[in-house]
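Protein chains: 6
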Amino acid sequence: MGTVPLLTDEEVSAEALAVFEDIRATRGTDFINNFWRSLAHNPALLKATWERLKIVMAPGALDPLVKEMIYVAISTANGCSYCVHSHTAAAKAKGMTPDMHGELLAVIGMAAQTNALVTGLQTQVDDAFKA
Amino acid sequence: MGTVPLLTDEEVSAEALAVFEDIRATRGTDFINNFWRSLAHNPALLKATWERLKIVMAPGALDPLVKEMIYVAISTANGCSYCVHSHTAAAKAKGMTPDMHGELLAVIGMAAQTNALVTGLQTQVDDAFKA
Amino acid sequence: MGTVPLLTDEEVSAEALAVFEDIRATRGTDFINNFWRSLAHNPALLKATWERLKIVMAPGALDPLVKEMIYVAISTANGCSYCVHSHTAAAKAKGMTPDMHGELLAVIGMAAQTNALVTGLQTQVDDAFKA
Amino acid sequence: MGTVPLLTDEEVSAEALAVFEDIRATRGTDFINNFWRSLAHNPALLKATWERLKIVMAPGALDPLVKEMIYVAISTANGCSYCVHSHTAAAKAKGMTPDMHGELLAVIGMAAQTNALVTGLQTQVDDAFKA
Amino acid sequence: MGTVPLLTDEEVSAEALAVFEDIRATRGTDFINNFWRSLAHNPALLKATWERLKIVMAPGALDPLVKEMIYVAISTANGCSYCVHSHTAAAKAKGMTPDMHGELLAVIGMAAQTNALVTGLQTQVDDAFKA
Amino acid sequence: MGTVPLLTDEEVSAEALAVFEDIRATRGTDFINNFWRSLAHNPALLKATWERLKIVMAPGALDPLVKEMIYVAISTANGCSYCVHSHTAAAKAKGMTPDMHGELLAVIGMAAQTNALVTGLQTQVDDAFKA
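Protein chains in written order, with our numbering: chain V, 1 to 131; chain R, 1 to 131; chain G, 1 to 131; chain A, 1 to 131; chain F, 1 to 131; chain C, 1 to 131.
Warning: the hint list may mix true and false statements.
Pairs involving identical chains hold if they fit within one copy or between any two copies, as the list cannot separate such chains.
Lysine-lysine pairs mimicking DSSO-like chemistry, simulated, CA-CA at most 27 angstroms apart [what the hints assert, rightly or not]:
(1) K92 to K130
(2) K130 to K94
(3) K47 to K92
(4) K54 to K130
(5) K47 to K130
Read the hints as simulated data drawn from the structure, not as lab findings.
Can you build the whole structure from these sequences, using the hints too?
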């Protein structure tokens, strides 16, 4: 699989390797997952994506675990197998328990169901909901 | 808009009206939003949907505001305009601040972006992510 | 709305008008719905789309009402508001009763829900299901 | 693959096992497919999903084969590989012939195409289609 | 419509106004479209989005019109009405002729159709296509 | 994988084989990729799909490489793994360089992100964008 080969540390450009090093330092691990190794064919895209991700996923008004579960939700709705795997693993690493995972899945399923029902019914938006 | 007309309290069946009453009692408001009024053409579907929603969105291992933001995320990824409106309003009612909303949107956008990049690259799932 | 204006019979090319006439003759009505009026900016695309649609939706191993409900299902999953409206109207015209509509929506909602659950779980396909 | 491991009969809770037994009795087979084995980590979600599915897919105003083909359509539009496999197998078991499968695919493809064209054109909904 | 109100120049923060000014200078127009006015509730998100967009859409290995048509394609597949409108208008402004628009739509429709067929068939990827 | 088996030249009907021969002649290669081999169960669908594809992807107001990149974009947004692989390979064969591929991915990612932001914000379409 893959539309481009995965790149090893030895194969990437200096700019990409610097991103890898920042990923390692930020996450406190030597592991660079395949997404970054495939994105490294385009160092500028790799760098922009990682730097933005680091900001977006940092603690803020929402805590990192909540952000990770939202990430799982979007990845699920978009049918991105890789992303569901990687962000579910990340959510578990940040403390998502089996019960939380079960509830996350239940909400995802419920939302998908009512999204479909509303779209099938083409229900008009209530004025009360408009900002 | 709408593939079925919205039904007033006077037009719905007794079974549907009982659901409306439970929605009112549970939410502490007289307001019944259009989704339920369009779904009321099918009282059994209305009842099953509402009763499941009530369970899924109740406090549990995840708090109701987190669940509501996950609901917004799925609705956004699925492009359901009604659902984005209604669940964003619900999230605000449950305490989502503008800063939280901004971060929710930022995570949604980031996830959509990396989902697309991964899909374009067809990156294979790392063994480390498989359960 | 619209990225192109709707074209009247007077504004379309001769090739497009011939398609309109075939739509009218096939359907036994003078009404040309907006999809065809917006597609008429590209007569070749209009003609290819209509001629293929006519074949695909004709009675065959599946009856036209079943085909129309499948069309509604896809349009719903794809979030195409126009298409949900037009094909729900077509399904009603071909005999879809309110009970059938309710069951169609229930299946659509159920499928959307389990699709999401499976994607969130990343369940591997059973060997028994592979052709 | 999988964000959770598949559970054997010996590993699931009593509540989940009771659901497995009902699936077996309802379907007249010992086979429990992987979806239920992955969902069994959350017995309440497993039970709610199965019980609802049993009702939704039962004979009614629409026959079970038609429902199964609608399920395949939604699963296809949502890009759920597992679901396309499992529900295509189910549709074949319920009598879907190769000709019916071919027409199902043709309608799915046609709908996806016109959904995309309409969305690209942003065609406004005809008043005649509004309920 | 809108989950947040649109903000005027007078209502936005200084940071957001600076982004508006850069949009105006870059595009050579006073017009600020609604996307930026709704995003301005979150100045940091506004700024990050605009600055990245400016880089991504600049001339490079692909010319700006090609990029704009790719943007229309993605927006169409994602069912984003606003985005289809805004990027179709942008493509026209950059030189997309009616014939080019027609071909863009034809490719979008064709791809959506074969995407659906492949997904329904669950065709395995040819080894020849793997990088 | 696959909901139908792949068919060899020896297994397909005469009508399907004629399509295979036209694919070979048009592309100047003996290779028939799996999509056509799975679609060959339905010779009429195979023939209609191939003949339409040949027209749509031919040089016109847009050049074939641009069309192929638009095809990749749609396939990515629709999450069709097979299609992303096959059309990325086709785009490379038609001259897409690594830099062009990188920019294609960057635009795809950017569009997915702003599509999601707009949908989350439910921004109303500017009058200036309506045709």
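Check K92 against K130 for me: Cα-Cα at most 27 angstroms, and say if that holds within a copy, between copies, both or neither.
Answer is between: at 12 angstroms across copies they meet the 27 angstroms cutoff, but 36 angstroms inside does not.
Quick one: K130 to K94, C-alpha cut-off 27 angstroms, is that within a copy, between copies, both, or neither?
Classified as between: cross-chain Cα gap 17 angstroms, same-chain 35 angstroms, threshold 27 angstroms.
With 27 angstroms as the alpha-carbon cut-off, assign the pair K54 and K130 to within, between, both or neither.
For K54 and K130, the Cα distance is within 27 angstroms only across copies (24 angstroms; inside one copy 32 angstroms).
Given a CA cutoff of 27 angstroms, do K47 and K130 count as a within-copy pair, a between-copy pair, both, or neither?
between (38 angstroms within a copy, 25 angstroms between copies)
Identical-chain pair category, K47 with K92, by Cα at 27 angstroms:
both (26 angstroms within a copy, 24 angstroms between copies)
The structure agrees with every numbered hint stated previously.
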